[in-house]
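S.K.: Chain residues, written in single-letter form:
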Amino acid sequence: MKAKVKMKGYIEINQESCKGCQICFYFCPKSSISDSGSINSSGYFSACFSDNSECNACGICAIVCPEAAIEVYRE
Amino acid sequence: MNKYLISGNSVIAEAAIRAGCQCYFGYPITPQNELTEYMALHLSRKEGCTFIQAESEISAINMVYGASIAGARAMTSSSSPGISLKQEGISYLAACELPAVIVNMMRGGPGLGSISASQSDYFQATRGGGHGDYRTIVLSPASGQELADLTQRAFDLADNYRTPVIILGDGMLGQMMEPVEFHKEAPENLSTKSWALKGAKDRPSKIIKTFTSNPNELEEINWRLFRKYRLIEREEVDYETYMVEDAELIVIAYGIAARIAKGAIKKARAHNLKVGMLRPITLWPFPFKKIQEISKRVQYFFVFEMNMGQMIEDVQLALEGNGEISFYGRPGGVIPTPSEVFRILSRQYYQKGLNR
Amino acid sequence: MTIKTVYKRPKLLKERLFHYCPGCGHSVIHKLLCEVIDEMNLKERIVCIPPPGCSVFAYNYLDIDMAESAHGRGAAVATGIKRVSPETIVFTYQGDGDLSAIGTAETIHAANREEKITAIFVNNAVYGMTGGQMAPTTMIGQKTTTSPYGREVNKEGYPLKMSEILSVVEGTVYIERTAVNSPKNIKKTKKAISKAFQVQIDNLGFSMVEILSPCPTNWKMSPIESWHWVDKEMVKEFPLGVIKDRIKVKKC
Chain A
656 MKAKVKMKGY IEINQESCKG CQICFYFCPK SSISDSGSIN SSGYFSACFS
706 DNSECNACGI CAIVCPEAAI EVYRE
Chain B
19 MNKYLISGNS VIAEAAIRAG CQCYFGYPIT PQNELTEYMA LHLSRKEGCT
69 FIQAESEISA INMVYGASIA GARAMTSSSS PGISLKQEGI SYLAACELPA
119 VIVNMMRGGP GLGSISASQS DYFQATRGGG HGDYRTIVLS PASGQELADL
169 TQRAFDLADN YRTPVIILGD GMLGQMMEPV EFHKEAPENL STKSWALKGA
219 KDRPSKIIKT FTSNPNELEE INWRLFRKYR LIEREEVDYE TYMVEDAELI
269 VIAYGIAARI AKGAIKKARA HNLKVGMLRP ITLWPFPFKK IQEISKRVQY
319 FFVFEMNMGQ MIEDVQLALE GNGEISFYGR PGGVIPTPSE VFRILSRQYY
369 QKGLNR
Chain C
10 MTIKTVYKRP KLLKERLFHY CPGCGHSVIH KLLCEVIDEM NLKERIVCIP
60 PPGCSVFAYN YLDIDMAESA HGRGAAVATG IKRVSPETIV FTYQGDGDLS
110 AIGTAETIHA ANREEKITAI FVNNAVYGMT GGQMAPTTMI GQKTTTSPYG
160 REVNKEGYPL KMSEILSVVE GTVYIERTAV NSPKNIKKTK KAISKAFQVQ
210 IDNLGFSMVE ILSPCPTNWK MSPIESWHWV DKEMVKEFPL GVIKDRIKVK
260 KC
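First to last, the protein sequences are chains A, B and C.
Whatever position you read off the first sequence (first residue = 1), add 655 for the working numbering.
Whatever position you read off the second sequence (first residue = 1), add 18 for the working numbering.
Whatever position you read off the third sequence (first residue = 1), add 9 for the working numbering.
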């Protein structure tokens, strides 16, 4: 029997495109996205990915991101 | 060459089809309905051509805008109140540098006015008409034959300069029947338009737009239009002179008014009054230089229009304070007779002492 | 270990920052359009007619042919293009002020002529770019800059339901109302857009997708509040779902 491998994913957030709308914070089922605390050149508090290893690359954050600032990868 | 005896409105339609007009979008309004009806009968069944009776004049001109974006030769027609509605679209056509032919068979105004022939839209046509700093080429036919010739020229001018062109006729020209020859057959293949949008195939994507949030960019667009307008003013002025060589009094009239004036001048000549006429064929660009040239020899000018006096302002601009101008006009769709104009003309002639 | 890309920025979306406010639905819809056009392989034969309004700058983002129309005239302009070039896929991108106020005549008559065009109708219940004035789609009681005491029925009438109105027009083939306020609704919107384009590709007639779209700035809400407000308020007045589907009938 094959052992079930847990999917592991990660996302990349383009800090410059992010407008800090926090829509992704709300929809991420694993609460893996939070405020980076830093301001980008447009003056927005951008989001950052907190790699808590829970991300399974479901892609929801990218689907809802109005800025197309998130890209999603699966290992 | 065959001669056709058809109404002026039908002449424009037939000439347009022969000029390769592929799309016509109209909306009923008197006195130009025969044009729309002719297109419905003849253009709608032509291979690759489109006829739509639109839901409004505004829609019709915007369909012209769309057809022009796709690279077709397109036209619309209406009469004064309907042309007011089209001004929005004409402004966009001018801004996007898209060709189009717009026919205005003028009727009495303001408001709904009357359905009788008038020339009350001279300012609207020659000053751009809609919002923004732009001009349209304005052609003023005075006979059935000229309706045919100028319609065909309108399409070429529109394409060459990528600009909307107005054919400024009137209700009388539209209804009148005269024998007409069509000098052109529809071209086999019109050249493809470099600006046409049909999808970004084998080239980067393109945009046709009028809006920019950058005033400097818009200023440059305006200057580009300005340079084009200067070129048109240099190259495209057209007029007819009639018995001007020895004339002491020059009538300046256009369109159907010039036709009436011609009758009056014939009567004047029969009475040995030396009267001639300058008839602008292009109202924009206006024949300023020709009037200045005539004014070196002639002192007295008589402007005759079927309105309260609109072209007279261009004549005043041309004369720059030289010469003397008198005016006769009948607004509201009243059509004066040649005898009436002759009476006014001869009174002027004697009052100025030109008979001595 | 191989790394698989699950979501990448759409190919047809130009590398440029959106000018839209944080949380705006327009950019989500732009993203979807880019994805659909790419997936359906339409770039080489599609023309978009963007309107005046916030999306007047759509040409900065979508890497496809575009021709801007005057306010409300999208359907007439699209008609002109489509009639000259029937093989081109033509769609208008219009807001609620554009399509349901100034452009009602153009839209209804283009639909009634069964023009083979598609309307992407973005309904955010206000005039966005001009600063949040009342639109025909503004909710009853909703405060806007021109209904500062809330929209009153006896003075300003009811929210106008263009999808329902158009559904009784014979020439319309497919009309669906969706929203871009949740992952599920966004996915549905994408499907609806491809379906509407397919109707046009199959030459069946007029298709429209009405998209309820959040406008946090003019609704004076946080982005997430505005996304919830679509569900809480707008959907009650503008129920989601397929409003008309005559695809099978037309194909027979």
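Any given hint might turn out to be false.
[As the list claims (entries may be wrong)] Subject to a maximum C-alpha distance of 30 Å in a straight line, what follows is the list of computed DSS-like cross-link-like pairs (lysine-lysine):
| # | chain 1 | residue 1 | chain 2 | residue 2 |
| --- | --- | --- | --- | --- |
| 1 | C | Lys17 | C | Lys152 |
| 2 | B | Lys219 | C | Lys196 |
| 3 | B | Lys307 | B | Lys284 |
| 4 | A | Lys685 | C | Lys52 |
| 5 | B | Lys219 | C | Lys200 |
| 6 | B | Lys285 | B | Lys308 |
| 7 | C | Lys13 | B | Lys216 |
[Stated by the list, open to error] A short list of chain C residues far from chain A (calculated; beta carbon distances all over 12 Å):
| # | residue |
| --- | --- |
| 8 | Trp236 |
| 9 | Val244 |
| 10 | Lys260 |
No lab work stands behind these hints: they were computed from the structure.
Don't be surprised by glycine CBs; every beta carbon is placed ideally from N, CA and C.
S.K.: Is it correct that the beta-carbon of Lys260/C has no partner in chain A closer than or equal to 12 Å?
M.R.: Lys260/C is indeed farther than 12 Å from all Cβ atoms of chain A, at 31 Å.
S.K.: Given the proposed pairing of Lys285/B with Lys308/B, does the C-alpha separation stay at or below 30 Å?
M.R.: 25 Å, holds
S.K.: With a cut-off of 30 Å on the C-alpha distance, tell me whether Lys13/C and Lys216/B pass.
M.R.: 36 Å, violated
S.K.: Sort out whether Lys52/C lies within 30 Å of Lys685/A, counting only the CA atoms.
M.R.: Outside the cut-off at roughly 36 Å; violated.
S.K.: A cut-off of 12 Å on Cβ-Cβ distance, and Val244/C was said to be off the interface with chain A. Does that hold?
M.R.: 17 Å, holds
S.K.: Does Lys200/C lie within 30 Å of Lys219/B when you go C-alpha to C-alpha?
M.R.: Answer holds: Lys219/B to Lys200/C is near 25 Å, not above 30 Å.
S.K.: Sort out whether Lys152/C lies within 30 Å of Lys17/C, counting only the CA atoms.
M.R.: 38 Å, violated
S.K.: Hey, Lys307/B versus Lys284/B, does the alpha-carbon distance stay inside 30 Å?
M.R.: Cα-Cα ~26 Å, so holds.
S.K.: Would you check the hint for Lys219/B and Lys196/C, treating anything up to 30 Å between C-alpha atoms as holding?
M.R.: Holds. Lys219/B to Lys196/C sits at ~28 Å (cutoff 30 Å).
S.K.: Run the C-beta distances from Trp236/C to all of chain A and say if the shortest one exceeds 12 Å.
M.R.: For Trp236/C, whose nearest Cβ neighbour in chain A is about 7 Å away, the distance does not exceed 12 Å, so it is violated.
The structure does not agree with the numbered hints 1, 4, 7, 8 stated previously, though it agrees with the rest.
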